[in-house]
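Visitor: Chain by chain, the residues run as shown.
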Amino acid sequence: MEQKVILIIIGMSLVTYLPRMLPMVLLSKVNLPPLFLKWLQFIPIAVLSALLAPAILAPQGELSIGLDNKAFIASIPCFFVAIKTRNLFLTVVVGILSMLLLQNL
Amino acid sequence: MAYDNFVIGIKKSVPVVLGYIPIGMAFGILANQQGLSIFEILLMSSMVYAGASQFIATAMIASGVNAASIIFTVFLINLRHMLMSASLSPYFRKASSLIQAIISFGLTDETYAVDITHLKESAPSASFFVGLHTVCYATWVISTVVGGMLGNMIPDPTRWGMDYALSAMFIALLCIHINDKRDVLVAVCSAAFSLLITAMSGGSWNVIISTILAATIGVSAELWNKKLFLSSSE
Numbered sequence: 000m001e002q003k004v005i006l007i008i009i010g011m012s013l014v015t016y017l018p019r020m021l022p023m024v025l026l027s028k029v030n031l032p033p034l035f036l037k038w039l040q041f042i043p044i045a046v047l048s049a050l051l052a053p054a055i056l057a058p059q060g061e062l063s064i065g066l067d068n069k070a071f072i073a074s075i076p077c078f079f080v081a082i083k084t085r086n087l088f089l090t091v092v093v094g095i096l097s098m099l100l101l102q103n104l
Numbered sequence: 000m001a002y003d004n005f006v007i008g009i010k011k012s013v014p015v016v017l018g019y020i021p022i023g024m025a026f027g028i029l030a031n032q033q034g035l036s037i038f039e040i041l042l043m044s045s046m047v048y049a050g051a052s053q054f055i056a057t058a059m060i061a062s063g064v065n066a067a068s069i070i071f072t073v074f075l076i077n078l079r080h081m082l083m084s085a086s087l088s089p090y091f092r093k094a095s096s097l098i099q100a101i102i103s104f105g106l107t108d109e110t111y112a113v114d115i116t117h118l119k120e121s122a123p124s125a126s127f128f129v130g131l132h133t134v135c136y137a138t139w140v141i142s143t144v145v146g147g148m149l150g151n152m153i154p155d156p157t158r159w160g161m162d163y164a165l166s167a168m169f170i171a172l173l174c175i176h177i178n179d180k181r182d183v184l185v186a187v188c189s190a191a192f193s194l195l196i197t198a199m200s201g202g203s204w205n206v207i208i209s210t211i212l213a214a215t216i217g218v219s220a221e222l223w224n225k226k227l228f229l230s231s232s233e
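Residue numbers (numbering that gives the first Met the number 0), protein chains in the order written: chain A, 0 to 104; chain B, 0 to 233.
Isolated chain A (complex conformation) (with noise of 0.2 angstroms):
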């Protein structure tokens, strides 16, 4: 076992939970100004687009909005759904479906 990945594994660990753990910790505390907590409920919506868009329209880390683009296909059935029945449990389903067809295709 090589010691520098191990230095490396508990160095990662700090700078992953640090980030996760703190803001919660100390905010939690404090009386945040009713602007601050406003701009925070915009918080979750910003987040998983950031998060969906690159994941659906740039797969391959460009820009792909065409037939060969399969997750981005997919996320047609699954945006009709999550629109139509806000259901996550329906909208997983059908994208794994979806998904399915289009690999084998």
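Below, simulated DSSO-like cross-link-like pairs (lysine-lysine); rule was C-alpha separation at most 27 angstroms, straight line:
#1 LYS10(B) <-> LYS93(B)
#2 LYS225(B) <-> LYS180(B)
#3 LYS37(A) <-> LYS93(B)
#4 LYS37(A) <-> LYS119(B)
#5 LYS225(B) <-> LYS119(B)
#6 LYS10(B) <-> LYS83(A)
#7 LYS119(B) <-> LYS83(A)
#8 LYS83(A) <-> LYS180(B)
#9 LYS37(A) <-> LYS225(B)
#10 LYS93(B) <-> LYS28(A)
#11 LYS180(B) <-> LYS37(A)
#12 LYS28(A) <-> LYS119(B)
Hints are computed from structural coordinates only; laboratory data are not their basis. This one's a predicted model, so the numbers in the text were calculated from it and none came from an experiment.
Given the coordinates of chain A, assemble chain B onto it according to the supplied hints.
Guide: Just chain B, lined up with the frame of chain A:
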């Protein structure tokens, strides 16, 4: 009550688990090919518990990059979690620091998405988060180790498209969160910024910068609307 919430947390983990199994196994296989031992895979997954960071760090280790650069890269990739952690903080004002420290260890992009959607609909309950985070964490650690042990014996576990469960989950949760035009504006802006930044600089800064910009646009739009409303009602 606590037990009920714990069970609800476990049930809500299903989409994340479906995605973590193939991606975790893919990581284990790749890490094994790139020279990490099973013990190192176990150590990394259980201590770091961050998909993108683990893939990138493993590739960097294999190509002999120095420790400081690897750790700094991982730090940049994970800065985005600060925003997620901050946005959860108003719900955890009554929880002890220890509970907060335990819950935040399990904070990933995927668990955050489920967490924040649950909080939209239900009262905050530490048991829910412990249930959800424990199952997702265990799934990740076990999948990566199994992938590492199987190595080249199995074909690419992501070829079935099961990992697409995570994208489908993000689509559903995003739609659940969108309630009005302002929300649509924030989502569209964030997506556009994210694509632009990914195209320009690869994928370590896109989430944090787009989120900050798009949330600021959301607040500005709200203030602007209020101002219009006030001036028109005069």
